[in-house]
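Listed here are the chains, written in short residue letters.
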Amino acid sequence: MALSETTLDTDLSVHSTFASRYVRTSLPRFKIPDNSIPKEAAFQIINDELMLDGNPRLNLASFVTTWMEPECDKLIMASINKNYVDMDEYPVTTELQNRCVNMIAHLFNAPLGESEAAVGVGTVGSSEAIMLAGLAFKRKWQNRRKAEGKPYDKPNIVTGANVQVCWEKFARYFEVELKEVKLREDYYVMDPEKAVEMVDENTICVAAILGSTLNGEFEDVKRLNDLLAEKNKETGWDTPIHVDAASGGFIAPFLHPELEWDFRLPWVKSINVSGHKYGLVYAGIGWVIWRSKEDLPEELIFHINYLGADQPTFTLNFSKGSSQVIAQYYQLIRMGFQGYKNVMENCRDNMIVLKDSLEQTGRFNIVSKDVGVPLVAFSLKDSSQHNEFELSDMLRRYGWIVPAYTMPPDAQHVTVLRVVIREDFSRTLAERLVNDIQKVLQELDALPSKPKVSICGDDNKVVVKKTALETQREVTTVWRKFVMERKKMNGVC
Amino acid sequence: MVITTTIAADSNELLHSTFASRYVRTPVPRFKMPERSMPKEAAYQMINDELMLDGNPRLNLASFVTTWMEPECNDLIMTSINKNYVDMDEYPVTTELQNRCVNMIAHLFHAPVGDDETAIGVGTVGSSEAIMLAGLAFKRKWQNKRKAEGKTYDKPNIVTGANVQVCWEKFARYFEVELKEVKLTEGYYVMDPVKAVEMVDENTICVAAILGSTLTGEFEDVKLLNELLTKKNEETGWDTPIHVDAASGGFIAPFVYPDLVWDFRLPLVKSINVSGHKYGLVYAGVGWVIWRTEEDLPEELIFHINYLGSDQPTFTLNFSKGSSQIIAQYYQFLRLGFEGYKRIIENCMDNTRVLKEGLEKTGRFGIVSKDVGVPLVAFSLKDSSKYTVFDMSESLRRFGWIIPTYTMPADAKHIAVLRVVVREDFSRSLAERLSSNIEQVLEEMESLPIRTSTKSATVSGELENAEGKKVDKKTEREIQEEIIQYWRRLVDGKRIGVC
Numbered sequence: 001m002a003l004s005e006t007t008l009d010t011d012l013s014v015h016s017t018f019a020s021r022y023v024r025t026s027l028p029r030f031k032i033p034d035n036s037i038p039k040e041a042a043f044q045i046i047n048d049e050l051m052l053d054g055n056p057r058l059n060l061a062s063f064v065t066t067w068m069e070p071e072c073d074k075l076i077m078a079s080i081n082k083n084y085v086d087m088d089e090y091p092v093t094t095e096l097q098n099r100c101v102n103m104i105a106h107l108f109n110a111p112l113g114e115s116e117a118a119v120g121v122g123t124v125g126s127s128e129a130i131m132l133a134g135l136a137f138k139r140k141w142q143n144r145r146k147a148e149g150k151p152y153d154k155p156n157i158v159t160g161a162n163v164q165v166c167w168e169k170f171a172r173y174f175e176v177e178l179k180e181v182k183l184r185e186d187y188y189v190m191d192p193e194k195a196v197e198m199v200d201e202n203t204i205c206v207a208a209i210l211g212s213t214l215n216g217e218f219e220d221v222k223r224l225n226d227l228l229a230e231k232n233k234e235t236g237w238d239t240p241i242h243v244d245a246a247s248g249g250f251i252a253p254f255l256h257p258e259l260e261w262d263f264r265l266p267w268v269k270s271i272n273v274s275g276h277k278y279g280l281v282y283a284g285i286g287w288v289i290w291r292s293k294e295d296l297p298e299e300l301i302f303h304i305n306y307l308g309a310d311q312p313t314f315t316l317n318f319s320k321g322s323s324q325v326i327a328q329y330y331q332l333i334r335m336g337f338q339g340y341k342n343v344m345e346n347c348r349d350n351m352i353v354l355k356d357s358l359e360q361t362g363r364f365n366i367v368s369k370d371v372g373v374p375l376v377a378f379s380l381k382d383s384s385q386h387n388e389f390e391l392s393d394m395l396r397r398y399g400w401i402v403p404a405y406t407m408p409p410d411a412q413h414v415t416v417l418r419v420v421i422r423e424d425f426s427r428t429l430a431e432r433l434v435n436d437i438q439k440v441l442q443e444l445d446a447l448p449s450k451p452k453v454s455i456c457g458d459d460n461k462v463v464v465k466k467t468a469l470e471t472q473r474e475v476t477t478v479w480r481k482f483v484m485e486r487k488k489m490n491g492v493c
Numbered sequence: 001m002v003i004t005t006t007i008a009a010d011s012n013e014l015l016h017s018t019f020a021s022r023y024v025r026t027p028v029p030r031f032k033m034p035e036r037s038m039p040k041e042a043a044y045q046m047i048n049d050e051l052m053l054d055g056n057p058r059l060n061l062a063s064f065v066t067t068w069m070e071p072e073c074n075d076l077i078m079t080s081i082n083k084n085y086v087d088m089d090e091y092p093v094t095t096e097l098q099n100r101c102v103n104m105i106a107h108l109f110h111a112p113v114g115d116d117e118t119a120i121g122v123g124t125v126g127s128s129e130a131i132m133l134a135g136l137a138f139k140r141k142w143q144n145k146r147k148a149e150g151k152t153y154d155k156p157n158i159v160t161g162a163n164v165q166v167c168w169e170k171f172a173r174y175f176e177v178e179l180k181e182v183k184l185t186e187g188y189y190v191m192d193p194v195k196a197v198e199m200v201d202e203n204t205i206c207v208a209a210i211l212g213s214t215l216t217g218e219f220e221d222v223k224l225l226n227e228l229l230t231k232k233n234e235e236t237g238w239d240t241p242i243h244v245d246a247a248s249g250g251f252i253a254p255f256v257y258p259d260l261v262w263d264f265r266l267p268l269v270k271s272i273n274v275s276g277h278k279y280g281l282v283y284a285g286v287g288w289v290i291w292r293t294e295e296d297l298p299e300e301l302i303f304h305i306n307y308l309g310s311d312q313p314t315f316t317l318n319f320s321k322g323s324s325q326i327i328a329q330y331y332q333f334l335r336l337g338f339e340g341y342k343r344i345i346e347n348c349m350d351n352t353r354v355l356k357e358g359l360e361k362t363g364r365f366g367i368v369s370k371d372v373g374v375p376l377v378a379f380s381l382k383d384s385s386k387y388t389v390f391d392m393s394e395s396l397r398r399f400g401w402i403i404p405t406y407t408m409p410a411d412a413k414h415i416a417v418l419r420v421v422v423r424e425d426f427s428r429s430l431a432e433r434l435s436s437n438i439e440q441v442l443e444e445m446e447s448l449p450i451r452t453s454t455k456s457a458t459v460s461g462e463l464e465n466a467e468g469k470k471v472d473k474k475t476e477r478e479i480q481e482e483i484i485q486y487w488r489r490l491v492d493g494k495r496i497g498v499c
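So the protein sequences, as listed, match chains W and L.
If you read the first sequence in the numbering used here, its first letter stands for residue 1, the second for the next number, and so on.
If you read the second sequence in the numbering used here, its first letter stands for residue 1, the second for the next number, and so on.
So that you can see chain L by itself, here it is in the shape it has in the complex (with noise of 0.2 Å):
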């Protein structure tokens, strides 16, 4: 007769299947680090399966952040995801690529380099630092202007719109800027140019412009704010420059709309910003800012560092941090070519276009996007009293779909959109099955009756108090949604940083 002995020792875990085993009983641990170690399979499974439920990426219509990537880019990336990209010395293909992008940016953007000539720029995480990095040439450049000039410079301020990304406002109070906004007005949600140069005074160290508001997808007028503001500039002799955040048209306007004139073809654009990982097309984590020479860049921003003897210039915010981005960027310039970013931007605008084609024919939508500018289709309910675009934001979520509704910042708050946006991986069939939803959603809020006699249809039952007089008794639920709702609206009342 033999004797059967349980499993003794831990070492016989790993024999388990990861599901049965010990660690999936006991609580995932969440305010300290667990004391000892487990098997990497199951740590794997673990945090794999809390992830699932996480939103799916690529049906996130809120971002503009590219979600997919070619398998050969993915490969690349995954071998370089070791390289620490400020270790420039032992590193220099990866530098040198970082380099080819810059020039290939700033050539696309039209700056006064010579053919042989290398551009002035840098390879940042995101527009958010190389906005940061922008602004903190302009306000040097303009402290030492009135150093030289025996003025103050202890109050520099920038004059943007209110449209503009919280970015702009990070940079302001962490810079000790003041930012002077441009209201908008109803219909009109993006910043004047006119009445911009008007808040034009002598402590401005720049006028920034957004080449594809983040609300709406809009170009703004950068040339003629450059016309307005060179004659100011002449009038005052301030020489006021101007910045273009062109975080998502810097990578459409150059191959869909080439002739408009927006960059460094105006004199007074100094320095532009774009995301790479917008319609640069790689995955998040990386940005550009290119400036217009030399003279931009006040040389006692750069740091000199002594790597292996050698000199190495940086100017960036962040230290250490992955090149696979970088890399990445380099394969989508030589893949595609402006042939290849020509088409897929093509294609997203026919996109957008048939999904705004489909929300107009079902005639409740206002459409507040813009044809031009960046793909995306902004759109709010031409009559709100029954159901707002934050109850369909909701719905639509049950599909599947993630899509944000924002208010409109100052003046224009009362004005509540719903904003899809359109990247190279939302494809025609995507598009026309979320018109579809739409119009289900759509089918039930109308047929859902009006929310007052919903709360009495619903109730249980009837009380008394103790006056006799009969009182609704709600519903759980109801309280909830109630307070939800009243929560919302004051939240929406806060300032608004939409992203």
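Extracted from the complex, chain W is given alone in its bound form (with noise of 0.2 Å):
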């Protein structure tokens, strides 16, 4: 008679993975486990728990790029151990690098020579590049007021209160004053007269953006240009403009080629934008260039000592992956300026069909321009029996995420909707959405109104008993306004 035994732990990696010891423990969540697990464990409890993540493709309130070409996924895997800092080790990526600040550099019509090389440098994203530009303002700024014998100890930066929130975080990190010119109904944009009347001598630049996070749409900055043109000339304060194009720099150069936004304008002196939103690349690249080597100070550049050979660097981060930068640059050389101008006319298309079907509706304004950044931003022409938010909430069973937002000040009380087109946002998605719109506003309309049960009380007064979901609703509905009042905005991204 063969006695039958327990099985040893050793055996623990032949059993399926979902059989496993590991599976019927519970996971780690705030100290680090003692024991080591089988690889193949850890990873299949890692994706797992992942497939409840959204799915990127449908995330429709994102700029940042979701899908690349297998070629490029090939490239950024085997680079994804060149640790980026490592100029001298990796020549030849940081020569990429180099390059693509060359490229978009000669896109914005920098006034370069024809060899010359360009004074810009790659960062993770606009936020990175957004501080790097302010610093250097202000930098200047204060070398100039100590020049004359000024005092340079409050400066500040004008901008419309639709700025996303880095020039917030920017302005409160490193000590600058924000002065926000303040949005109204139907213009919810920086209005470039308002802004040139707040410049003082205290502020170091005029931000102005090239693709409103809120509506797509694009600043005037012709028009701010001129007008602090002369501005400039009466006072003499020679207040300088950045271009904030993170969404807006890699479309209107191939989609308004006749737009000058860029260094054409003689105010501006540097411009930021997003390799991860309209360059195409996924998350975790920025690109900011300067006008000249003027508009950079030196002292802000700091020079390694790598191997022997000098490397000059200006930048937050340190280490970090080179997957990106050489995936923009295979972008910029895949694509060419034909590739990208065919892929924004395609989102531009896809925009204006998703824009058209919703007008067609009946149900919304749409609060996006045509000209801008290829998205819709759209609210309920009648929002008292179900607002945005709803809709976006019910959007979220279909698998969409839409997000909805508050408008900033002084325009609090209009929501919108948003959708934002990106490459791999395909026409017959486009009209799927639509469809399912539609289906959400069906069921919505058909919600009863809100019924009223009689209770007699002890006075036989008539009380409206409400439903746990109308009580929900109430405390809901309460708390965000609550949360929309508090100062500091809702940093809308």
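Treat the hints with caution; some may be incorrect.
To be verified - Computed footprint of chain W on chain L; a stretch qualifies when at least three of its residues, placed anywhere within it, have a C-beta under 8 Å from a C-beta of chain W:
no., region
1, 99-105
2, 114-128
3, 443-449
No lab work stands behind these hints: they were computed from the structure.
A virtual CB, placed ideally from N, CA and C, is assigned to each residue, including glycine.
Hints are included, so try docking the two chains, each in its own frame, into the full complex.
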């Protein structure tokens, strides 16, 4: 008679992952587990949890690229273990970054000679790019004020209230005052006239946005330049302009080449653009270009001694991956000017299809403009029964992630839904989305009006009994209003 | 008779092999975007081919940053490459994984949090961002305190050792804080706690100690610093805190030196940063900063983003970035666990010892790094008259090894070292191979005649100048070498930012 024995611990890797011990115990959450586990189990456990994340390609909230060609994925994986900052060890990667900087500088009509190297740098995103540009302005302004013997402790920056949250971060972390031009209903970008009025001697720069986060509009940089040129002539303050072209920088040159917004305007001294938005690269890359060497104070540049060679650097981050820089170069040469133009035109066409279909339902106001970033921002004509937040919640059931935002001051009463059209949002997906929106509208309409159940209280008065859902809704609505009224904006992204 | 025709339209280009196609014949665009697109295979091949001339990351012995991960982890990284980390509401699981990592690291550092309490910390792109955030928190806390006391707050300073990594100097320069550096001395290449505490004044926002000095891998004596600073704080009432830059050491000390007290067990340590991409064993692009408690992170620095109606608090410099490294970090914690990390670091220490003994055997090197610290070997030549460590570094490149040379910061500038970092993927066999290659190079250099005589030996002919004197004609190569040596010595004299 053979006696059966229980299996030993060493046999565990032979069992299927799902039946193994590791899936029976709860996942470590607060402390590093004491023991190792087989790599297959680790992979499976994490992979399975991540299934509950949203699908990046259905994330219509984000401008950030969610699809690249398999060839590019290969290049990315092959360079994933290269630390970008080791410039001496990886000279080709460094060279590729320099080429990208040059190409983008030329795209923005920087005043460079034929073989002159542009002044710019690759960053982790537009946040870092903006902080570097802002730092350069702040230091330049401080140096000038010191030379003039004037106080330099109260720098400020003029932008619109529609500005993205990273400008507020810059202002708060680098101790610069943020002077915001308020919006108003139907005018959701910075008004150049009001902006120039707000400029004073402590203004380090005026920041214009090419591709406002909320409705995709391009601000009128040319007008700002002209007005500011006049003011500068009167005052002699030489206040410069920075263009935050995070989204628009890779759109305007291809779709609207005649639009003057870049270095063709003399007061524009630096521009930032996100490689990971319409530069068509995965998250993690941005670019900032300066007009000329004079616009970047030398004292901010660090000279690192790498193996005896001098490497000038100006970034906030140090070690980071090289993959996105290589991917950006891939896109620039693979697509070329024609390729990018094709992609942007496609996006614009899909945007128009979506916009027209939404208008046809008759239930929406379109808040975004035709000229700008390919996105559709729309609000309900009648939000008394149901508002945009509910619509957004219900669309989630179909898999779509469509965010709802309230506008910044002074248009806080306007709420919009925003759908961003990226390269991988095809015509068929656009039509499907409109279908689903119509379904959701029908469902919301069909919801019965608030039920009234009478109860006779002690004094025989009729009291309306609220359902649990209504109470919840009331509480949620109150809380939402409370959160939105709080100071410090809705940082919308 | 069939007449052959040449293949006409551009659309046929794809049928040719990439290497024979038009795209490889024209020069690669360098300054302007090309007008037209090109096939993706051609684009891939061109870039891939150029990148072959980059150094091999795994032979890059200069860097602490991880260069190898398991294939399973590579798979996870690729599948999450299109997730934008900052979309917290869209990717709640990824956000949760970051929070778990923060909790795990906080517990590893003995942060005073309860078993189910969430720790205060954040994932960053690297230790540079982590240090800037920590420094910002200190600066703002100090400013608030001074304002409340009615004193001036326009001249903050920070006290560190001169061995500090370049990102502290960046922090100081960009955020307008004065950097007060404790100078090094020959034989003592880290910050002296006694001198550091002397330099503390009322404007000091914090004292930064390094666990794992970049140059020699040494751990600074944080415990002693804590004791001395506590005494000074009692006298002065300034409450100057400590920050520990544990970029390298944070994932070493807890596993192999658990008795070393350097973290939140010391009461004055208020924040710690560590690089996930060094001994956290993840590819470049992730760092962590942990604060002791909520009080150490001023609320006004935290931004509340309105995402789909829910409130998301954030405190980072970067906004959009990839999620892959965060997921990879969690994978490593889960996959390796405490015992896995311990085994790996112990292996690194063993390999370091083997390499060190191999170098000592040659009798030509002075070992500058210590045994307790980050697994690296920093060594200098006992006699640099015939050839220098710079020459050796160059020669070793021939074998494929990338070994950097550094000169020490003030006041030990005359010392130059070679530094080999031992990472997880630097095995015993590679260590032995490196030793033998170094011995080979030594032999070569010893057998070369000394420099001045070499110059005369290779002179091709003598010239007579106008006065009839004989003048050595220098070859181009000699002139180049002279210039390079001169330039190198000039550059070394500049402020060194070593990484």
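> Going back to the hint list, which numbers does this structure go against?
Replying inline: 3
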